[in-house]
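Going down the list, the protein sequences come from chains A and B. Under our numbering, the first residue of the first sequence is numbered 1, with each subsequent residue one higher. Under our numbering, the first residue of the second sequence is numbered 69, with each subsequent residue one higher.
The hints are simulated quantities; they were obtained by calculation from the structure and are not laboratory data. None of the values given here were measured: they were computed from a predicted structure. Please note that the accuracy of each hint is not assured.
With a straight-line Cα cutoff of 30 Å, these simulated DSS-like cross-link-like pairs (lysine-lysine) come out [said to hold, decoys possible]: (1) B:LYS118 <-> A:LYS14; (2) B:LYS131 <-> A:LYS14; (3) B:LYS211 <-> B:LYS131; (4) B:LYS218 <-> B:LYS131; (5) B:LYS117 <-> B:LYS131; (6) B:LYS112 <-> B:LYS131.
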Amino acid sequence: MHTLYYPKEANMKKLVIILLLVLLFFSLIGRREEGDFSKINAVLVSKIAESPAASEVFGLYESGAVET
Amino acid sequence: MRVRWSTGFILFLAVIVFQNELSYTLTFMSAACLHEAGHLLCLKALNIKKPELSLGLCGAVIKADTSSLSYRSEILVFISGAAVNLLASFTALIVLRSGFNTRLVFFFFANLFYAGLNILPLKNFDGGRCLECILLLITDPFKVDRIMNKVYFIGSAVLLFITVYGMQVFGFNLTLVLVAVWAVFQCIPSKPCCLSAS
Chain A
1 MHTLYYPKEA NMKKLVIILL LVLLFFSLIG RREEGDFSKI NAVLVSKIAE SPAASEVFGL
61 YESGAVET
Chain B
69 MRVRWSTGFI LFLAVIVFQN ELSYTLTFMS AACLHEAGHL LCLKALNIKK PELSLGLCGA
129 VIKADTSSLS YRSEILVFIS GAAVNLLASF TALIVLRSGF NTRLVFFFFA NLFYAGLNIL
189 PLKNFDGGRC LECILLLITD PFKVDRIMNK VYFIGSAVLL FITVYGMQVF GFNLTLVLVA
249 VWAVFQCIPS KPCCLSAS
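Throw the hints in and build the complete structure from the sequences for me.
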């Protein structure tokens, strides 16, 4: 005869997964307007604009984003 | 192909998504996907069957039975991920030259970051494994082991320096703190277990 049972560890794992999925859901809903990646990107773009050589490599002059 | 994921991966994803806009997160994830796709395509080309993709707290790891491969073929597998990232960066640069776009700049640097990080000579990293295979082609395994222990120590120090320097340049934020913690975690010696890390 087979006995169905759920070990405590399995239930805990399920609970942790559900909690993390809820956290992920709220993270998606309440995401920031300006996050870490965009701040990092802003620094990178400003460093490119500061350097004439980098501006040339990235085509900033051609696009008109930086005035020559 | 079998895909496994852990609760750590959801936690990692939740923190990254919470700290960043979705478009930037997706751009960063696309660089990671391109990296792993490079490895998987190379394994497929070398006729390696049933690779397993594990998604965990420290990123994605591919597990495959590469015992039939020569050292030269293994080197090819290890560099394929970074090669795809470099190709993506180069393509982004060509597109940037025809029309500047700040999001594309992020894609360029995300791919460059992924390629650069993975070719660092660290334990469980593509660079470390690649260097190990190159050394095994020219010298005996015991000597390689001694050399690699020293290389891993120096590589870990370089990674920590890059992380701390990056935090100073870009400002202290949670994403970079996570990267720093992860860098420290990578410095802890562990058993070699898989094909590719991060």
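Structure-based check of all given hints:
1. B:LYS118 <-> A:LYS14: Holds, at about 28 Å.
2. B:LYS131 <-> A:LYS14: Holds - the C-alpha atoms of LYS14 of chain A and LYS131 of chain B are around 25 Å apart, at most 30 Å.
3. B:LYS211 <-> B:LYS131: Cα-Cα ~26 Å, so holds.
4. B:LYS218 <-> B:LYS131: 26 Å, holds
5. B:LYS117 <-> B:LYS131: 11 Å, holds
6. B:LYS112 <-> B:LYS131: The hint holds at about 13 Å.
When held up to the earlier numbered hints, the structure conflicts with none and fits them all.
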